[in-house]
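Please model the entire structure based on the sequences and the hints provided.
Note that the protein sequences, when read in sequence, are chains R and S. Residue 490 in numbering that gives the first Met the number 0 is what sits at position 491 of the first sequence, and the numbering runs on without skipping anything. Residue 18 in numbering that gives the first Met the number 0 is what sits at position 19 of the second sequence, and the numbering runs on without skipping anything.
Rather than coming from a laboratory, the hints here were simulated on the basis of the structure. Beta carbons are placed, not taken as given, at the ideal position from N, Cα and C, and that holds for glycine. Check before you lean on any hint, since a few could be wrong.
To be verified - Here's a subset of chain R near chain S, in silico, CB distances under 7 angstroms, partners left out:
#, residue
1, Ala277
2, Asp436
3, Leu489
Stated by the list, open to error - Taking lysine to any residue and the SDA-like style, the derived pairs with C-alpha atoms no more than 25 angstroms apart in a straight line are:
#, chain 1, residue 1, chain 2, residue 2
4, R, Lys264, S, Gln28
5, R, Lys126, R, Ile332
6, S, Lys33, R, Phe495
7, S, Lys30, R, Val505
8, S, Lys30, R, Gly68
9, R, Lys306, R, Leu22
10, R, Lys369, R, Val505
11, R, Lys264, S, Asn31
12, R, Lys264, S, Gly4
13, S, Lys33, R, Lys369
14, S, Lys30, R, Ile332
15, R, Lys509, R, Trp370
16, R, Lys211, S, Asp39
Claimed, not checked - Okay, the calculated bits of chain S under chain R, using three or more residues with CB under 8 angstroms as the criterion:
#, segment
17, 12–18
18, 24–33
Chain by chain, the residues run as shown.
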Amino acid sequence: MARERWGSKLGVILAVAGSAVGLGNFLVFPAQAARNGGGAFMIPYFVALFLLGLPLMWIEWTIGRFGGGFGHSTAPGIFHTIWNKNKFIKYFGVIGIFGPTVIFIYYVYVESWLLGYSFFALLGKYKACTTEEAMVAFLQGYQGVVKNDFFSSIAPSYFFFLVTFLINVLVVHCGISKGIERVCKYGLLVLFIFAAVLAVRVLALGTPDTAKPDYNVANGLGFLWNPDWSALASAKVWLAASGQIFFTLSCGIGVILTYASYLTKNDDVALSGLTAAATNEVAEVILGGSIVIPAAVAFFGPTGIAKIAKGGAFDLGFVTMPLVLQKVAFGEILGFMWFMLLFIAGVTSSISLALPAVVFLEDEFNFSRKWASLIFGIVTFILCQPVIFFLNKGLADELHFWGGTFCLVVFATIETILFGWVFGMEKAWTEMHTGSDITIPRIYRFIIKYITPAFLFFILSFWFWQEWTPVILLRNVPAENVPYLIGIRLMLVGLFAVLAFLVWVVWRRKKVRSL
Amino acid sequence: MRPEGWIFIAISWGAILSLFAYCMVRILQQKNNKDQNNNDK
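Okay, here's the thing in structure tokens:
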């Protein structure tokens, strides 16, 4: 059967950009920048973009296209193709299917809240919530964490989850060019229009309450951009910037690898990778930085925003923004645009997360796309249930840690070493420039081979000792949540074991056939 | 916002928009070249 291909070059770039542009661009980036030195945060941010983000982008695009040439679209096959003398490397590749699937399990539920909220905004359902406390109660009622005047059951939330889940599985079922490419092309266009409208509206707010002259948009931009030079001396700020670059570009998950595997041998990867990264940066720094924080400062003031920023990214999106948008003209429509743009950002990311597992079943077990999507849909639907019904036990955070943080850094480290050291920089450089529309500066030969892996090892070790050890050992977790978290960890171990077993079965069958 | 804040915003936005514009121009140039080649054939 002929291998599926992307419909156009712009299509694959927008698909990768769609995978990268997610909730983090609009919610996490502004909060991170505001907490870590404002304008000064952008210095480590750009350093990390050039030393970590772009090299990882190019590595994933290149090895993805390389593996696709051998009929592999997922990390086990691609890693094995690069280092076929090593019997175990394909099992490290399992992370490239496991990680995105784990993220998909909780991400699709969070995404469904955005769909629900976009309708609530239009219908004015949260209009009665005029304080932060009321808005938090509304969110908790919707999530089914508590029963209150707003929601008496989890049914509305579950309904929107079902719709969102079906949308994701259907898009993946429709395939690369007719499903993912089409959704990302139109989705990103709508997302950028909505984000631009909101950014312009926010920047035009000026000083909404003349009795409070400090509450204005310029101070909001100042909160985000005024540099705090002392922050540059803090290792934590450098790590926060590196982490932000890492997560925002969708590197190290295994999805870019899968997308790039559908390119032909002479399709460009250098310019495409750079364009996808640049598109993501426009969404993050320019649009993401111009909406939430400036709007919140204009209505809650410089002291209010400091408290809000500490509350985390979700509070900014689900509590602060609805409160702000209720106070401006056409608030219902702007509220709808806000949640819909986040929903689209979520969908273009979650379909990319679903793809590695689906194409693994297709490539290695010869399932049709229909059956592969159905199997993926049934399995992940079951795995989503604990997250939905035990949300208040911290299960989503646990999945985010393992799938969205731990696996990401480990996987990126493995693929960087494979690319620069096992594949070999000479061969890697030639492969990167095959069919290339630009020439990557030669300094990147050195950066990819030495700096990027060193940077990753530094992040890995620092996070491990400073931040991960308490999480891994379940310190700082309420005692009543521990059994649930152990349960979800057992579920993850089971999922990884099943995937590793499937990889073993595939290669055993290949070995038997070759005898 | 302090003047340094405006400088940081200008440099960051300028760098990102320039990179984005460069990429888009190169992509469109390549597309036009390929279309031209196809028409010539």
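We went through each hint and held it up to the structure:
1. Ala277: holds (4 angstroms)
2. Asp436: holds (5 angstroms)
3. Leu489: violated (44 angstroms)
4. R:Lys264 x S:Gln28: holds (21 angstroms)
5. R:Lys126 x R:Ile332: holds (13 angstroms)
6. S:Lys33 x R:Phe495: violated (44 angstroms)
7. S:Lys30 x R:Val505: violated (40 angstroms)
8. S:Lys30 x R:Gly68: holds (23 angstroms)
9. R:Lys306 x R:Leu22: holds (21 angstroms)
10. R:Lys369 x R:Val505: holds (20 angstroms)
11. R:Lys264 x S:Asn31: holds (21 angstroms)
12. R:Lys264 x S:Gly4: Outside the cut-off at roughly 45 angstroms; violated.
13. S:Lys33 x R:Lys369: Distance ~35 angstroms between Lys33 of chain S and Lys369 of chain R Cα, so the pair is violated.
14. S:Lys30 x R:Ile332: At roughly 37 angstroms apart (the allowed maximum being 25 angstroms), Ile332 of chain R and Lys30 of chain S break the hint.
15. R:Lys509 x R:Trp370: OK: Lys509 of chain R and Trp370 of chain R at ~22 angstroms, within 25 angstroms.
16. R:Lys211 x S:Asp39: violated (66 angstroms)
17. 12–18: That given contact holds, which follows from 5 residues of the segment 12–18 of chain S lying within Cβ reach (below 8 angstroms) of chain R.
18. 24–33: holds (count 4)
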